[in-house]
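S.K.: Protein chains in written order, with this note's numbering: chain A, 1 to 112; chain V, 113 to 224.
What the hints contain is simulated information worked out from the structure, not anything from laboratory work.
Any given hint could be a false lead.
Cross-link-like lysine to any residue pairs, in silico, SDA-like; alpha carbons within 25 Å at most [what the hints assert, rightly or not]: (1) A/K36 / V/K191; (2) A/K36 / V/I165; (3) A/K67 / V/S113; (4) A/K36 / V/S162; (5) A/K36 / V/R149.
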Amino acid sequence: GEDVEQSLFLSVREGDSSVINCTYTDSSSTYLYWYKQEPGAGLQLLTYIFSNMDMKQDQRLTVLLNKKDKHLSLRIADTQTGDSAIYFCAEKTGNAGNMLTFGGGTRLMVKP
Amino acid sequence: SQTIHQWPATLVQPVGSPLSLECTVEGTSNPNLYWYRQAAGRGLQLLFYSVGIGQISSEVPQNLSASRPQDRQFILSSKKLLLSDSGFYLCAWTPGLLNEQFFGPGTRLTVL
């Protein structure tokens with residue numbers, strides 16, 4: 001079955017880079033996603049990467065995908081206090097209904 | 113542009129009472145719709161998904177049910193709530209052929 005795992009917690013200082021890691025098990029996944037959840041709110045799609053890509057950059061966000069190791073990471077450059085949130089990685093599993101399997105989320109705390 | 117609404121935003125219900133949470137999507141047609149539950153401090157669990165009116169797939173056996181009476185309306189229900197039904201319920205949609213899921217603002221349910 002599919003399984004997506006993330007570390008629970010990450011703390012960084014404002015201005016530093018943050019790297020949030022994720023591992024998955026389904027080698028047939030086609031898309032992998034990063035979502036951000038601020039306190040009491042729904043999930044906001046940050047970025048996604050197609051499985052035939054190694055890297056995707058979007059402003060302060062860089063996604064790296066190592067398909068061989070089934071490892072996905074999200075790097076946030078120049079982390080700001082407003083980046084404090086829970087970050088979820090997810091993979092698209094199967095074809096029916098475009099379902100996603102989510103990791104447990106990584107809580108990022110940015111200290112001033 | 114497309115928007116997704118959830119109602120109510122918060123709800124406190126006694127054990128054994130019924131439940132009805134509503135999700136509506138605007139600006140699109142024939143979306144895939146999803147209900148997730150997020151327990152406190154944990155990741156997302158997919159509860160139900162629907163690819164069309166009257167078509168509901170359940171991911172986990174539980175005390176809840178879902179219905180899709182209209183193309184852009186997805187309802188989560190229970191006849192008798194349990195304490196373990198407490199959590200943050202998120203509705204999401206995706207266009208039929210694309211992969212990103214867009215989330216609503218969520219409903220926080222507390223069962224006492």
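S.K.: Hint by hint, note whether the structure agrees.
M.R.: Quick rundown of the hints versus the structure:
no.: 1; hint: A/K36 / V/K191; in the structure: violated, 33 Å
no.: 2; hint: A/K36 / V/I165; in the structure: violated, 30 Å
no.: 3; hint: A/K67 / V/S113; in the structure: violated, 34 Å
no.: 4; hint: A/K36 / V/S162; in the structure: holds, 24 Å
no.: 5; hint: A/K36 / V/R149; in the structure: holds, 16 Å
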